[in-house]
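Q: Residue-level listing of the chains:
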Amino acid sequence: MMEWAKESLEKVEQSRAARLQQQAPMPSDTELILENFHPDYSGKERTVKVGPNAGDQKFPLELADLLEADSPLPVTHSTTSDIETDVLIIGGGGAGAAAALAFEGSELNVHLATKLRLGDSNTVMAEGGIQAALAENDSPRRHFADAMVGGHGDNEPDLLRILCEGGPKSIEWLSQLGCLFDRNSDGTFRLRGGGGTSIPRVLACRDYTGLEIMRVLKDAVRLSSTNVLEEHAAVELFDDGNSTVSGAVLYDRKKASLVNISARAVILATGGSGQLRLQGFPTSNHVGATGDGLVLAYRQGCRLAFLDSYQYHPTGACYPEALAGQLVTEAIRSAGSQVVNADGVHFINEMAYRDVLAAAIIKETQEGRGVTTPNGKVGVWLDTPMIDLKNGDGTLAKQFPGLIHRFERYKIDPVKTPVLIYPTLHYQNGGITIDSQCKTEVKGLWACGEVTGGLHGKNRLMGNSLLDILVFGRRAAESVRDQIPDRRPLTLNSLNQFRKNLSASSVSSPAFFPKASQMKLEIGRSAVEAESIDLSSSETSGGFEPPDPFAR
Amino acid sequence: MKNIEIKIVGKPISAQAGETIVHALWAAGMAESVQTGCAGGVCGACTVTVRYADGKPGGTELACMKPVEEGMEVFPCPVEPDKAVEPVANPDALTLQSVFPTVNRCTKCGSCTTACPMSIPVMDSVMRMQQGDFDAVAEDFTTCIHCGLCRFVCEDKVKPHNMGLWIRRSLGKSQPELKMVDEDSDQVEKEWQDLMTDDKQERMQRAKTFRETGSLSK
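Going down the list, the sequences are from chains A and B. According to our numbering, the first sequence is numbered sequentially starting from 1. According to our numbering, the second sequence is numbered sequentially starting from 1001.
Looking at chain A on its own, in the form it has when it is part of the complex (with noise of 0.2 Å):
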């Protein structure tokens, strides 16, 4: 296959024998490769005029027109409760359900919402593994010095502190929660250097991490107390009429209607926003990263920041088109594969940071050195066969059985060819504000996970955000176990002053879904109805009912 990259793949396997015995250096113009290649920087952002952050930071020009929109709830919406509880955890995926885990025992009311189904999220799409500072030479320490200089600097240096000292609690969780991470042979984790990790500090499961976390913490929220609201969207925020969050308008996606929770305390984890697809870039993130908790929490008054930054993985796959900007893990180059060009060279340490590696594809790709394909895509090879050939055969196989899978559909067989990568967009460095008790700068209102920003920076290494979702999501829960609010009244107050601001806009916001899929969370008309209407115009085909696959 592949055979429109023949000449290139030739190169490269020539190339392969003399690439293995030598390193790559790492890039000495990293800032400067920054300011010219990576999207960061590319000036496509601007200004809001309205909310807490008018006129100071920049956000992406997607992600400000969001800011500035308008709620789609109607001015005349009840304020009304129809359901009334201690806590309210908005977001399915790592972050809201480690939060409602850490409830049990509480004796509050939990529900937690999601817009999809529990666990379709970020999360479950992580690949390539978690830190903790479970290695001999290692510690919390170490961990927080390799986060701060990867992040250049910009770390909250309380949250990390935080993050790094609850890695091997974490893990600890999750190892008596039932999760199974990969082991050597005597019996001690496999640990995995990571891009930025000065010791072998990442645990993994496979390339399958987040898949093995979030089925087991799906199912251990499934049997614990918290009443799970699944194809419910958070629409728009209550507070007490005095800028204290009170409680949440959802809309159920079945029933196709509005419902008011009314809750004491209110915890956001909503996740990232690599969905809106900033410059065009594809992602590899869920259908639901949209965005939605930064434009509920900021119409109630909360800052957001370092939002001008996003983490590009640099390895999104770039072919076959059906796999576009899904994610090939970074650990696949800490085990050994390479990163190089259309002529077979190897032009950059493909350990070298996220932004930089991400940066240094898009420049070599921008000056004519990169592998066009067939859909007129370009990127550059990560030579895959080059695991096996350093580690052993089927070391590739075992260790990342995701990656095959999902190539060899269409017979490309990363034991034996490269793939073809170019970055992604991946991750949400900034977002809402926290202190290290998760409480926004509005009562009432926690967060944690990818919503939030400062933790990582302006770029996140690698297996800090399946951390950063267990411990802060359980930090949420237990700050407000202590600190409970009592009952408020449910009022729009802040959404009409906010409304107040706002010149006209044509666009609405929380966006829900991904413009690309069409999809709409129209008010009052539910899929079902949306279904019905185009299927009784649709053609006959006589074959309506499902097949039975196995009839013989």
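Calculated directly from the structure, the hints in this document are not laboratory data. Not one of these hints is a red herring.
Heads up, simulated SDA-like pairs for lysine to any residue below, C-alpha to C-alpha not over 20 Å straight-line:
(1) B/Lys1011 to B/Pro1067
(2) A/Lys439 to A/Asp158
(3) A/Lys169 to B/Val1188
(4) A/Lys169 to B/Trp1192
Computed footprint of chain B on chain A, listed as stretches where at least three residues anywhere in the stretch have a Cβ under 8 Å from a Cβ of chain B:
(5) 153-166
(6) 312-323
Beta carbons are placed, not taken as given, at the ideal position from N, Cα and C, and that holds for glycine.
Please build the complex by placing chain B on the supplied structure of chain A, with the hints as guidance.
A: What follows is chain B alone, placed relative to chain A:
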């Protein structure tokens, strides 16, 4: 790119060769007709059945992973989650049978293995479950996305993926406790204070030193 036609629950839509069913549905404005979650092959939301115009055997697929083919017919096949079962430490075959009584009803038809979008040898693994070979089962189900198709297609109500997770979690709960390292707290706190100094440049410098030596001294 080449245009082809597929049908979604009988309704013809135009799709482009090389794209997945999900992306074809998105482009056709019919995204809601198949439930999606990650669109990356790991959440198990977008289960569908497909059949082909030319009589080629159809089957179950993840719509986000399956490329469209000319004349393909797609039917949504959402699978509701099953009730979760609390895992136990040190599991054995008897305990498994008591919490999943249908484990021995398997008639070895192989539908589950055929249905699995992750190429897990599901039926063989059910045999291993019956025999209590749980380490092998845990390995088999390493890549399980809990789409539920193996349970959905089983006429004998065997629940392979639920049992796979129960076995994995139960083995996980049987792991020895991790020993936490107790460090000299005064020394450790001093290192923290030094690393967290307010001066950003100094903080970066100290972090760089710590990365190289594992301590603050050069």
